[in-house]
Amino acid sequence: WKAGRRADSPMLLPLAGGERPVIKLGGIVMILGLHRQGISVSAIARQLGIDRKTVRKHIAAGLTAPSYKARPPRERAIASFEPYLRERLTAYPTLTGRRLWREIKERGYAGGYTAVTDLLRELRPPRAKGFEVRFETPPGEQAQVDFARFDVEFFDEPGVKRIVWLFSIVLGHSRFIWARFVLHQDMQSVLRCHMAAFEALGASRPIRPY
44 WKAGRRADSP
54 MLLPLAGGER
64 PVIKLGGIVM
74 ILGLHRQGIS
84 VSAIARQLGI
94 DRKTVRKHIA
104 AGLTAPSYKA
114 RPPRERAIAS
124 FEPYLRERLT
134 AYPTLTGRRL
144 WREIKERGYA
154 GGYTAVTDLL
164 RELRPPRAKG
174 FEVRFETPPG
184 EQAQVDFARF
194 DVEFFDEPGV
204 KRIVWLFSIV
214 LGHSRFIWAR
224 FVLHQDMQSV
234 LRCHMAAFEA
244 LGASRPIRPY
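Count along the sequence shown from 1, add 43, and you get the number used in this note's numbering.
Calculated from the structure, these hints are not laboratory results. C-beta atoms are modelled at their ideal positions from N, C-alpha and C, and glycine is treated no differently. Each hint can be trusted.
Here are the simulated distance ranges between beta carbons:
1) SER232 to ARG129: 57 to 67 Å
2) GLY92 to ILE206: 16 to 26 Å
3) LYS100 to PHE193: 22 to 32 Å
4) LEU226 to ARG99: 25 to 35 Å
5) GLY105 to VAL233: 37 to 47 Å
6) GLY105 to GLY245: 38 to 48 Å
7) ALA191 to GLN80: 12 to 22 Å
8) GLN187 to GLU130: 41 to 51 Å
9) GLU130 to ALA153: 14 to 24 Å
10) PRO126 to GLY92: 40 to 50 Å
11) ALA104 to ARG192: 26 to 36 Å
12) ARG235 to VAL203: 23 to 33 Å
13) PRO136 to ALA243: 50 to 60 Å
In the DMTMM-like style, the derived pairs of lysine to aspartate or glutamate whose C-alpha atoms are separated by at most 25 Å in a straight line are:
14) LYS148 to GLU130
15) LYS204 to ASP94
16) LYS204 to ASP229
17) LYS148 to ASP161
18) LYS204 to ASP189
19) LYS148 to GLU125
20) LYS100 to GLU196
21) LYS204 to ASP194
22) LYS148 to GLU165
With the hints as extra help, turn the sequences into a complete structure.
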């Protein structure tokens, strides 16, 4: 990381108080993945928008979770109102944070709204989880098809961003996934991917997609 140059990288997690940003776990995974593919340190740094020293450090360290600065302790002003809030939520669990914030402000609370909502998340009784019925289909009856966009930079075109699409088809019964990268989302690419997927999956009859 270099001040004023790399701090806006999406791979970095900015910290308060002027602290140097910390690289996100996803960024570390990408660094190690690109390194395993034989990509140079300089190319990785350019692609991810971070400093070369940061790349070398995480290649040497391997996959270890980044350490983040501890969250500051809860605002002390809210502590004396915890019994009141607990009592109100016990009697009326659906009371909103805004309502309770106004109530304790009338009783002398001078802190912020966020401190109130943080405490309410701890005090509210857990909601009962409803039952979910999983959607099941017989083998070969249904599949889900989707496209995912990727912005990539090829080795033979440094500095040039290209858009590629990942076509994927997920079988409804087995959850088996077949996928292929394509350059376009046109009808020809869609049909070609469907035919290749059906052949690879050994479909003896058409599968109902979508």
